[in-house]
Amino acid sequence: MIEATLDFLSAYSTLIALVGVNALLALSVWVTLYAGQLTLGNAAFMAVGAYVAALLERHLGTPFPLALACGAAVAALVAVPLGLTVFRLRGVYLAIATLAFGEVLRVILLATPITGGGQGLNGIPPTTELWHIYLSLAVVAYVLWRVQGATVGRAWAAVREDEIAAASQGIAVRRYKLAAFVAGALVAGWAGGLSAHITFSIEPNDFAFGKAVQILVFAVVGGIPNPLGPIFGAALFTALPELLRPLRDYRDIFQGLVLLAVIIYLPRGLVTVSQLRRTRRLQQIGAADVA
Amino acid sequence: MRGCPGAPRRRALRPRDTGGGCGEGARACDPPTPGQDPRHAGGTRRLVLEQLYNAIFIGSIYALFAVGFALVFSVLDILNLAHPTVFMLGAFAALFAIGTLGLPWYVAVPFAVVASGLFGIALDRIAFAPLRRRGAPPLSAMISSLAVTLIVVRLVELRYGGDFITFPSGTVPSFLIRIGDATLEGVRLAIILLAVGLMAGLTFLVRQTQLGRDIRALAENPRAARILGVDVERAIAATFFISSALGGLAGVLLGFAYNSVDSKMGLPLELRAFTVMVVGGMGSLPGAVVGAYVLGLGEVASLVYLPAELRDAFAFGLLFLVLIVRPTGLFGQRATDRA
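In order, the protein sequences belong to chains A and B.
Residue numbers for the first sequence follow the working numbering, beginning at 514 and rising by one.
Residue numbers for the second sequence follow the working numbering, beginning at 3 and rising by one.
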């Protein structure tokens, strides 16, 4: 039994690691979505974390945990001026602006010699262990779970529901939005550092538009009502391609159908399966759904 | 899913696209290098003229693509991420008509346009109508259109594979025109004229016809439009038909111009369409046209003056800058919080 479990772990360790990293990324976008802000910059923050960690190790010999922390910190630092600049935009504009930031960063990475240009960085030591990922995930998930009930979490929920009402209640809307954005960047940067030490090499195109949208899909399909949703979503959509391997050629089609079904029939995400009837009721009486 | 590890990389428009009106492999024409030209001044002028011509050609393709994208956004507030798929499908419909059915190109083009338009209506029924009925937020529509993209791109790849495909030789019109010293490809000139004509036609349709009035009423306020007797579902279907027909046509024309079609050909246009819309003002149709030509000119200029790695920098730098400095774009009237 134990042997079978170990066999499973070693055969699928990369997949399990990817599930964990993707869950962290999904949580990073969850934070901003929970505060009602649609941002698509998390792939870029992931890139910042990955590149900073890998470069510090390579050139300064920084130990692994410190390099990861620096990567996450730099991502958060970048998020501050960016957030101050883009948070006068809302909805689709905000999404496009953060997306544009990601593309600008990608072009910079492509053109800078120290980041290896289009070749990217190769030979990054595979230092990340499964427990690193899952410990991080547990910590982040726990913190975010607790945050929901705390002042910050309530402020985020208030901003999401109605910015003007929130402001009139004395909530510093801009500050809380920025806090969500920076927290998301921190988590994404950390996840980027972890993932760089799984995949051996990183290149700018790993963090392009497609990645940003993928992260968003994890979170939205999983569900925004609580932090379990993004973890579910990431697990499902990372594992699905593997589980569907027998279907091979039809994998993408099936994935697309699942995505379509979830977004149409479970608008609040997978975590709300049990509340399906209540959701229907809310829709009938015309209450708008979250995200 | 796009961007998954192992998925094919997103490509920018290929550099030869702006290399002086010379399609690779299809025809041989002298490369416009000023150094090889004995009349150097004339060569430089020729180069500039040819680059300008290319910029207008690229801008026309962007305009056809982005106008459809902007139309759906302005009417329904949806960012239709399946628009690049419609673009690709248009090109493949033409390939099917020419390669499999053996039709001449002048029949294949309308065939592809109608097929794309009908696909647009189907797209709405499948991916957007169920969400609209329950008043789901725009984010949901983005994701459902992404799901359709996944499915359709894969279906096309199952039939045609993931590589570049050329049209059967001799089936795509090809001729050269000389204006002064410059040699211009006739197909590109035809594309430019067609694009300009269609923009004018669309403007007339939206401003002057009953259908256009219905669509504008819908864009303004769907509930009020319904109360005032506008057949909202019909107006939405028309919007998707027009948007997708234009998008599909852009795909056919780009396929003809490069004599190459592939399942991922729409992707480079997706982010560019964002740029075009933001520069012109979200949801503004004249804005999208102007934005498209601005982007086309800027890209060709940056190809001439910037290193190749920075090819994409112009489009996204411009996008970011406009959002920061003037989020309403050139022709945007509504405030930044319209979302």
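No lab work stands behind these hints: they were computed from the structure.
Keep in mind the model is a prediction, meaning the values are calculated, not measured.
One or more hints might be untrue.
Among the chain B residues that face chain A by a calculated CB cut under 10 Å, a handful are [what the hints assert, rightly or not]:
(1) Leu81
(2) Ile128
(3) Val154
(4) Arg156
(5) Val296
(6) Leu299
(7) Ala317
Distance condition first, Cα-Cα at most 25 Å in a straight line; then the derived SDA-like pairs of lysine to any residue [unchecked claim]:
(8) B/Lys266 with A/Leu760
(9) B/Lys266 with B/Ala227
(10) B/Lys266 with A/Ile621
(11) B/Lys266 with B/Phe169
(12) B/Lys266 with A/Leu770
(13) B/Lys266 with A/Gly636
(14) B/Lys266 with B/Arg127
(15) B/Lys266 with A/Val660
(16) B/Lys266 with B/Ala184
(17) B/Lys266 with B/Leu299
Just so you know, even glycine gets a beta-carbon here, dropped at the ideal spot from N, CA and C.
Against the structure, the hints:
1. Leu81: Cβ of B/Leu81 sits 6 Å from chain A, so the hint holds.
2. Ile128: 8 Å, holds
3. Val154: The hint holds - B/Val154 has a Cβ within 10 Å of chain A, the shortest such distance being about 8 Å.
4. Arg156: Check passed: Cβ of B/Arg156 comes within 4 Å of chain A, closer than 10 Å.
5. Val296: 16 Å, violated
6. Leu299: Hint on B/Leu299: violated, closest Cβ of chain A at ~19 Å, above 10 Å.
7. Ala317: This hint holds: B/Ala317 lies near chain A, its Cβ roughly 8 Å from the closest one there, short of 10 Å.
8. B/Lys266 with A/Leu760: 22 Å, holds
9. B/Lys266 with B/Ala227: 38 Å, violated
10. B/Lys266 with A/Ile621: Given that 25 Å is the threshold and the Cα spacing comes to 24 Å, the pair holds.
11. B/Lys266 with B/Phe169: Within the cut-off at roughly 17 Å; holds.
12. B/Lys266 with A/Leu770: Answer holds: B/Lys266 to A/Leu770 is near 20 Å, not above 25 Å.
13. B/Lys266 with A/Gly636: 30 Å, violated
14. B/Lys266 with B/Arg127: 24 Å, holds
15. B/Lys266 with A/Val660: 42 Å, violated
16. B/Lys266 with B/Ala184: The given pair, whose Cα atoms are some 32 Å apart, is violated under the 25 Å limit.
17. B/Lys266 with B/Leu299: 24 Å, holds
The structure fails hints 5, 6, 9, 13, 15, 16 (numbered hints given earlier, in ascending order).
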